[in-house]
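Q: The chain contents come next:
There are 2 protein chains.
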Amino acid sequence: MNIALDMMGGDFAPDEAVRGVARFLTAGQENVHLTVVGDQDQLNPLLTELAVPSAHVTVVHAPQVIGMHEHPTKALKEKTQSSIAVGFQLLAGRKIDAFISAGNTGAMLVGAHYFLKTIKGVIRPAISTLIPKNNGGTGLLLDVGLNADCKPEQLSQFAILGSLYARHISGIENPRVGLINIGEEEGKGNLLAQSAYPLLKANPFIHFIGNIEGRDILLDRADVMVCEGFTGNIILKLAESIYEITRQKEIRHEYFERFNFENYGGTPLLGVSEPVIIGHGISQAPAFANMISLAVKMISSDLLGKMKSRFEGLG
Amino acid sequence: MNIALDMMGGDFAPDEAVRGVARFLTAGQENVHLTVVGDQDQLNPLLTELAVPSAHVTVVHAPQVIGMHEHPTKALKEKTQSSIAVGFQLLAGRKIDAFISAGNTGAMLVGAHYFLKTIKGVIRPAISTLIPKNNGGTGLLLDVGLNADCKPEQLSQFAILGSLYARHISGIENPRVGLINIGEEEGKGNLLAQSAYPLLKANPFIHFIGNIEGRDILLDRADVMVCEGFTGNIILKLAESIYEITRQKEIRHEYFERFNFENYGGTPLLGVSEPVIIGHGISQAPAFANMISLAVKMISSDLLGKMKSRFEGLG
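First to last, the protein sequences are chains A and B. In terms of this note's numbering, the first sequence has 140 at position 140, counting the first letter as 1, and numbering is strictly consecutive. In this note's numbering, each residue carries its 1-based index in the second sequence increased by 1000.
Because the hints were derived from the structure by calculation, they are not lab data. Watch out, some of these pointers could steer you wrong.
Incomplete in silico selection of chain A near chain B, CB under 10 Å [what the hints assert, rightly or not]:
{"id": "1", "residue": "GLY93"}
{"id": "2", "residue": "GLY145"}
{"id": "3", "residue": "GLY183"}
{"id": "4", "residue": "CYS227"}
{"id": "5", "residue": "ASN233"}
{"id": "6", "residue": "LYS237"}
{"id": "7", "residue": "LEU238"}
{"id": "8", "residue": "GLU240"}
{"id": "9", "residue": "GLU244"}
{"id": "10", "residue": "ILE245"}
{"id": "11", "residue": "THR246"}
{"id": "12", "residue": "ILE251"}
Simulated crosslink set (SDA-like; lysine to any residue; CA at most 20 Å straight-line) [to be verified]:
{"id": "13", "chain 1": "A", "residue 1": "LYS249", "chain 2": "B", "residue 2": "PHE1259"}
{"id": "14", "chain 1": "A", "residue 1": "LYS237", "chain 2": "A", "residue 2": "ARG258"}
{"id": "15", "chain 1": "B", "residue 1": "LYS1079", "chain 2": "B", "residue 2": "HIS1061"}
{"id": "16", "chain 1": "B", "residue 1": "LYS1237", "chain 2": "A", "residue 2": "ARG215"}
{"id": "17", "chain 1": "A", "residue 1": "LYS133", "chain 2": "B", "residue 2": "ILE1251"}
{"id": "18", "chain 1": "B", "residue 1": "LYS1133", "chain 2": "A", "residue 2": "PHE259"}
{"id": "19", "chain 1": "A", "residue 1": "LYS133", "chain 2": "B", "residue 2": "ASN1002"}
Keep in mind the model is a prediction, meaning the values are calculated, not measured. In this text, a Cβ means the ideal position worked out from N, Cα and C, and glycines have one as well.
Given only the sequences and the hints, what does the whole structure look like? Please build it.
A: In structure tokens:
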């Protein structure tokens, strides 16, 4: 398999991206080839310096960079030779099997929309995040920001996408799906949650356990937690801030270490036709290495094929 | 002033309610009279046992109790001699100046709606909570669950109610108001946030500082944070769960102690014509004492009068 990385994206590019590649390859992945996309004049010396085995890596030159604060659509349109645009061109042309970037999130989302297809039957893709639970496990939360307003049908689709991810990537046989809500019983919540509940209950492809409240998010109640992207994004960023605050206050505990989102190495864009992983802007080497490992899992488990079959069956 | 307490509400009633009354009176509040509402056969021995000074306390007998899990509307209708119904009757008849209960939250909300008026000009009341900030202060978050779906105008009204509360109760001269959102710039967010932003910006009665994201909620960014009750409730319960988890894991730190919601002693129902404070079901003596102190502040600052004048000016 051939996995491409945007080497110019993120606050610590390209150094930490190259370190991440080196770190991943040190673990010895014989059947993985990495395509590193970026400015070759910066990348080649770094690859040499870190003694990255050239047999496992191909440099694809992309002379332009989309900055973290550029307007996504405008930047993608104007910078056709940027690492993000080149990466998506490779993915759309099936030259690579997955694309990873810690660069401008908006540009990644616009790029996926522009260069890739949405899986047939999926209304809109979603982005997810892993939330650490108090018992050591994790739960998948989606959407975390791509769809600020949602129809009830979308929440039901997120549940399917999330369940397939939990099963094939996290290895949970029969993942429990919870609807994020502000009450336990059916009928509670805002209009969206009230309408989504019966759809989730009737959805034959998921194991729906009912509503879960804010207090349940960090507990081992559900493996997949669905909500619209507004609430999901607030939850994600609040959880990230808890990690930041505990670090600043030097509150050291294994539990809070698990809120270090670098451990999870980026979030896959679920619902598009090819594997795309979006990293945090502050990604460093471990995050890049973890994102490559996640891409390997997505490809080797044929997660996308499974999503396509599932939605084809629904179409 | 005369403040009434529902002595039968909450998981530790009536014992902890009586202890809370004793605790409050020990601090010596000469001008405060307390009306304790509940089963006199249970209350009188407890009041005697704890040597609560009878000159400061009047027992009003209410032989019925609304359970924590009873259906609010049904229970209020059938149990006209319950402590919650009797308390609201006293408040509606101006026999008391404020009413406090840690009982069935739904019944308190229905009771307020049934027995009291909404302040003229206010679309719907809201409930708020104090959120501890990383620098030692607190921010007021509203709505936290009463209005699962909101119109943009409601968010603008929450900003006014919250600002008056922050000024007159928390003592913040010119409270900064933030709109909880999923992006920094105007135009970001879901349809509600997009529509609320210009209303908040144009609102002459508040000091609007723009959007605040999930990562800002625990930081010293805004003194008043507005959102619809769905998101607010998720934030509140997530924050409460962090406190619970740190206790279970025995992670002791002054910072997390501040997430003990008992410190804040209940949440006022903002937008109704009389002071009503709703306590957490798990309230113990310190929470009851703090709720009485909060009621004292609300009455002595004439918060309700100030809210009424502000909205009268708008009507």
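Q: It remains to establish, for every hint, whether it holds in the given structure.
A: Checked hints:
no.: 1; hint: GLY93; in the structure: violated (32 Å)
no.: 2; hint: GLY145; in the structure: holds (6 Å)
no.: 3; hint: GLY183; in the structure: holds (9 Å)
no.: 4; hint: CYS227; in the structure: holds (8 Å)
no.: 5; hint: ASN233; in the structure: holds (4 Å)
no.: 6; hint: LYS237; in the structure: holds (3 Å)
no.: 7; hint: LEU238; in the structure: holds (4 Å)
no.: 8; hint: GLU240; in the structure: holds (6 Å)
no.: 9; hint: GLU244; in the structure: holds (7 Å)
no.: 10; hint: ILE245; in the structure: holds (5 Å)
no.: 11; hint: THR246; in the structure: holds (8 Å)
no.: 12; hint: ILE251; in the structure: holds (5 Å)
no.: 13; hint: A:LYS249 to B:PHE1259; in the structure: holds (15 Å)
no.: 14; hint: A:LYS237 to A:ARG258; in the structure: holds (15 Å)
no.: 15; hint: B:LYS1079 to B:HIS1061; in the structure: holds (14 Å)
no.: 16; hint: B:LYS1237 to A:ARG215; in the structure: holds (5 Å)
no.: 17; hint: A:LYS133 to B:ILE1251; in the structure: holds (16 Å)
no.: 18; hint: B:LYS1133 to A:PHE259; in the structure: holds (19 Å)
no.: 19; hint: A:LYS133 to B:ASN1002; in the structure: violated (46 Å)
Taken one by one, the earlier hints fail for this structure at numbers 1 and 19, listed in ascending order.
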